[in-house]
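Engineer: These are the residues of each chain, in order.
Protein chains: 2
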Amino acid sequence: MELALAEAEAARDRGEVPIGAAVVSASGAVLARAGNRTLELRDPTAHAELLAIRGACAELGSERLVDCDLYVTLEPCAMCAAAISFARIRRLYFGAADEKGGAVEHGPRFFQQATCHHAPDVYGGIGEAKAASLLKGFFAARR
Amino acid sequence: MELALAEAEAARDRGEVPIGAAVVSASGAVLARAGNRTLELRDPTAHAELLAIRGACAELGSERLVDCDLYVTLEPCAMCAAAISFARIRRLYFGAADEKGGAVEHGPRFFQQATCHHAPDVYGGIGEAKAASLLKGFFAARR
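In order, the protein sequences belong to chains A and B. First residue of the first sequence? That's 1 in full-length UniProt numbering, and the numbers climb one at a time after it. First residue of the second sequence? That's 1 in full-length UniProt numbering, and the numbers climb one at a time after it.
Be aware that one or more of the hints could be misleading.
A few chain A residues facing chain B, derived, Cβ under 8 Å [as the list claims (entries may be wrong)]:
no.	residue
1	L39
2	R42
3	P44
4	T45
5	G61
6	E63
7	A78
8	F86
9	K100
10	H106
11	P108
12	A114
In silico negatives: residues of chain A with every beta carbon more than 10 Å from chain B [claimed, not checked]:
no.	residue
13	R14
14	V30
15	D67
Simulated from the structure, these hints should not be mistaken for laboratory data. Heads up, the beta-carbon is just placed ideally off N, CA and C, and yes, glycines get one too.
Looking at chain A on its own, in the form it has when it is part of the complex (with noise of 0.2 Å):
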């Protein structure tokens, strides 16, 4: 989560809302990272989440990543869900919860729907305060 929270804070210094995202093997390696650059690319489906699974499954040549496990500073919404769906993600640690776009403990809670086909552990609030404290100072700032 450190790696997800460095990331999300290299997004803020771009910008961009500040959420990071981190794919990790099981032997531990980190296949890819990432920061949100919906702006930079723009590119509405660059969330975190999603360019950190493109990054790993580039790196291992493959659209599963079995056995790996996806950390990310904020709870994912609806495409980024079903996008670790795909991947068929084992683990996936996430920091704030989103009540406004969240889908997984919030809205579609994507992870429980008959039409999810694999659904990773989840474990909420990893890293919570300062995921929440990055995102709180940067729309503070806009405002």
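Place chain B on chain A using the hints.
Structural biologist: Frame of chain A, contents of chain B only:
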């Protein structure tokens, strides 16, 4: 929808699940078209809709596709439905319904969630017979 169906056929011919999509601007210009490429790109996020949205954003140099419409041969999954929302797609036209993985009329029904902050107008069943026939033929041939 004819372009999306042609992309679905091209995906089938590449050995991919036959799903195709196209993004059209308010003036009727085709900004991007794509078929499913998850196997070829070894990328679980390379659904037709996501590739078409990313292509259209690159074409316009914007992370939002305001006043643009998306045509896709199958009911979008949760990942693609959320991406459609983030991109601010105006109208979504889809072909066959997807009971197993759809997220518009099935499962999460993403556009009806309070955590969905932009919902397109949705028109299902457009070109449904051909879209469904492509999928049935593809899976029958693999059994």
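Engineer: Now tell me if each hint is right for this structure.
Structural biologist: How the hints compare with the structure:
no. : hint : result
1   : L39  : holds, 7 Å
2   : R42  : holds, 5 Å
3   : P44  : holds, 4 Å
4   : T45  : holds, 5 Å
5   : G61  : holds, 6 Å
6   : E63  : holds, 5 Å
7   : A78  : holds, 4 Å
8   : F86  : holds, 4 Å
9   : K100 : holds, 6 Å
10  : H106 : holds, 6 Å
11  : P108 : holds, 3 Å
12  : A114 : holds, 6 Å
13  : R14  : holds, 14 Å
14  : V30  : holds, 19 Å
15  : D67  : holds, 15 Å
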